[in-house]
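*Asks:* Sequence:
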Amino acid sequence: MNVSTKTANGAYDIVVIGGGLVGTSLALALHPLGLRVALLEAATGDNTPAPATDQRTLALNWGSRQILEGIGAWCQVEPLASPIHRLHVSDAGHSGITRLDRTLIGQSALGYVVPAHSLSAVLAAQLKTCGTIDHYTPAICDQVSVTDTQAVVRCSATDLSLTARLVVLADGGRSTLRQQFGLDACEKAYDQAVLVTTVLTSKVHGQLAFERFTLGGPLALLPLAGPRFALAWTLPADQAPVLASLPESIFLAKLQHCFGDRAGTFLSATARHVFPLHLTDVPNAATERAVAIGNAAHVMHPVAGQGLNLGLRDVAELAERLQAAHHEEHDIGSTAFLTAYVAARRGQTRRVLSFTDGLVRLFSNNVPGVGLVRNIGLNLLDIAPPIKRTLLRRTTGLAGRLPRLARGLPLQTHAKTPAIPHG
1 MNVSTKTANG AYDIVVIGGG LVGTSLALAL HPLGLRVALL EAATGDNTPA
51 PATDQRTLAL NWGSRQILEG IGAWCQVEPL ASPIHRLHVS DAGHSGITRL
101 DRTLIGQSAL GYVVPAHSLS AVLAAQLKTC GTIDHYTPAI CDQVSVTDTQ
151 AVVRCSATDL SLTARLVVLA DGGRSTLRQQ FGLDACEKAY DQAVLVTTVL
201 TSKVHGQLAF ERFTLGGPLA LLPLAGPRFA LAWTLPADQA PVLASLPESI
251 FLAKLQHCFG DRAGTFLSAT ARHVFPLHLT DVPNAATERA VAIGNAAHVM
301 HPVAGQGLNL GLRDVAELAE RLQAAHHEEH DIGSTAFLTA YVAARRGQTR
351 RVLSFTDGLV RLFSNNVPGV GLVRNIGLNL LDIAPPIKRT LLRRTTGLAG
401 RLPRLARGLP LQTHAKTPAI PHG
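Residue numbers (my numbering): 1 to 423.
There are no misleading hints in this set.
Here are the computed lysine-lysine pairs in the DSBU-like style, where the Cα-Cα straight-line distance is at most 35 Å:
hint: 1; residue 1: 188; residue 2: 254
hint: 2; residue 1: 254; residue 2: 388
hint: 3; residue 1: 388; residue 2: 188
hint: 4; residue 1: 388; residue 2: 203
hint: 5; residue 1: 203; residue 2: 254
Since the hints were derived computationally from the structure, they do not count as laboratory data.
Please model the complete structure; the sequences and the hints are all you need to start from.
*Replies:* Below you can see the structure in the form of structure tokens.
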């Protein structure tokens, strides 16, 4: 957007710092409300739009599909997404398995697999059509200050200074602004890394996804178009770079040995990339005039693929509360308003962080007898549809309080719509 079209005095209702998937989704969600919104996007770091060479793939659950529908993006995303109809869960070295199916939740898919660069491109294109959102890029915010009525954010490199009633930190897991706002993070390194690539197999997958737990970490295969899978292989931190650098034929042989032949023979792999893994939790993700969402508020292990889904649920909850507060002329940056938002999100955030962390510890444990317990647990789950249904409703974003966006409905300027509780 041309600088001359931006708010003349740099005064906004909301400044969103971070132009990644979560920050951009929030800006798009707020577009119908008539609020003055600025989106600051850095040219480097967490907020860089994913290039076409980015090999990452994203697992979107059904709830995230609904949120993208609510912000008007799903119709462009759907042709680029590969649905997951079934999920096969197994424990390497043991006979226990669990099979999960979309019919258990009564939807057309458990979730979808989307290339990161494709989703980023769709959101960026939609942002360009929103004339009321001022998009600053490159804009790396490095200074903040807060008064009783507003926050001031400054970007020294571009001599940019903006004020806002509320600053939303969506600048990723390596957020540089959390500390400036006094938001303390609890962090834990996993001593693991995830290796990601795309593999071609000899079998047609039929929209079947796999999650195979090994002592080194979980191995996930997510269906893409054709006989291809997105591979996310968690490994000890010192082993992942070694496997990533192996000749393709040797890498595929090691993958085949670890996974088995349920997906057929692995025929080829694209470029391999490695990312270190850690857990970050910001228990109190808000202070006067500022709130952290997405990876700026919580980073988790990729097991079960919940990271982006939790961030989009932040978007849905915060956007709906901002809609109601704006309609009722309440202070959207007050401690009371932001504390209520954090309290509403804390339960689900804590459950997801505990669930993913617990899975890692349980399935990486080689204490005698633990493998037998896992084996029995998976087999019991496989023959207990009510328990599977409850688990799936939670992991697919269908349980708990559903904000308007999470029901696939856009926000409305003059509507105050309470969320509907779901089981």
